[in-house]
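Colleague: Next come the chains, spelled out residue by residue.
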Amino acid sequence: MTNWYEIPGNENDVVVSSRVRLARNLADYPFEPRLTPEQAKEICEKLKTIYSDGWTYTDFSTLSPAEKRSYGEKHLVSPAFAGKKTPCALFARNSVYIMALEEDHLRIQSIYPGLALDEAWHDAAEADRLLDENANVAYTEKLGYLTHCPTNLGTGMRASVMLFLPAYTAARGIQSLAAQLSKIGLTIRGMYGEGSSAEGCLYQISNQITLGITEEETIRKLETVVKQIVEKERQLRERQDKEALADRASRTLGILLYARRMDSAELLGLYTTLRMGASMKLLEGVTVTMADRMLVESMPGTLTVAEGLEDDSAARDKTRADVIRRILKEQK
Amino acid sequence: MLCERCGKKEATFYYKENVNGTVKTYHLCGDCAAEMQKSGEIQTGFGEDPIAKMMNILSGDDFFGGDDLFGKLIGSPQKTAERGKSCPLCGGTFHDFVKTGKAGCPRCYETFEAELLPSIQRIHGRTAHNGQAPARFREENEKKQKIAGLETELKEAIRTENYEKAAEIRDTLRNLRNA
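The listed protein sequences correspond, in order, to chains A and B.
Going by this note's numbering, 234 is the number at position 234 of the first sequence; the sequence numbering is gapless.
Going by this note's numbering, 171 is the number at position 171 of the second sequence; the sequence numbering is gapless.
These are computed hints drawn from the structure, not numbers from a lab.
Even glycine gets a Cβ: it sits at the ideal position worked out from N, Cα and C.
Incorrect hints may appear among the rest.
Said to hold, decoys possible - If we take Cβ atoms under 8 angstroms as the criterion, some of the chain B residues that face chain A in the derived model are:
1) H124
2) A133
3) L176
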């Protein structure tokens, strides 16, 4: 199965990925903290029969910590799920990953590269239909889908888009953007305000409200706002000194190609410059997708799993430099 | 406890640092913690892998499950809990709901609906779902809408003394209701 970050998506100079998550529960079982081990097993067995045709099943609790972490790093599962120690299962097919026994009985997630909210919603809804046809889903006409946490009642849906906003960030526009978004029921998350010097310029925008607003409305609103941000980011980039940018991006590429050791903090800074250069077509042979692959595949868990390292291996920085070089040379 | 910097909001953030034996601790609210991080007075996440940390924040559970926000919104359990009532499916009480900010099982929403609605309204701004429904509810909904439409037509037929049509509609309604 090809990972989402290996495929070039729409508007990928600014939009990294689009994701839709649905929280669903079975009506006749308590939520996760009150589930007995027998009930948890029953739910998993039931889901195995529902998600059998073409779905891959993984007993998530048997994976190594690095393997779990890698799923989280690729945004295929939530960080909470990646850190789970109690029994849980993962069902996967194409763009859809279903986390069983996360906070809710099911979290159905679909993730796509670039701007593709409709596709993500379509795929998640299809997996949801399978559940609806074969199980008694917790739902009331008044409150909609019933979820462990009341903040997800209604559609139980979070739609989100990950954005790469270096020009917005440099123009110090993120704080005011955050204030505007919160007024219209959207949330922005990112490293801003974290006091970090190595900003990746990556942000995630998602809907805050799930009750009383339809899935379609939520997606249309998010998409409209994202398109405006994309335009603004492009305008801000156009105003930059291209020659200076090309110089910085080329030097960055030089470091990435010739470094023998690379730690995570340094990579994050270099990634921003490289992705910016690639998205403005200032670097011959380097694509945005290569930059994203480089970032994801050099994260600790993914690196450990793919390169067969020991957990917390000291050799990681060296291996990271090797992996980066391999990715950047592959398509040159 | 209240934030020791602004003295206004609830402290949700605990920070401790040890620099060459000098220990500093702070109990802060989210806003003050963010401000102090920005100004560099405190540093969090030190030693963590910075890319992994960023990805965690991003991919993060945008489902707001992490804190007991909902519990706080409902207020103090002593004041609001209706003693004695417990959920028939999971045995949880309203006190449990308030304490954790989360439901024990799907049935809890029905059991404690009256107590919960004001807080749900505060979070979402509304209290009625509008969106997709499981098939069994969709069929039921369509039927209800059809019946409501026919009832209006029936009234109109009687008003205009079109009794033949009224009888027809009455039969259709009867069949629909019995289905």
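Colleague: For every hint, state whether the structure bears it out.
Modeller: Hints, verified against the model:
| no. | hint | in the structure |
| --- | --- | --- |
| 1 | H124 | holds, 4 angstroms |
| 2 | A133 | holds, 7 angstroms |
| 3 | L176 | violated, 19 angstroms |
Hint 3 from the earlier list is the only one contradicted by this structure; the remaining hints agree with it.
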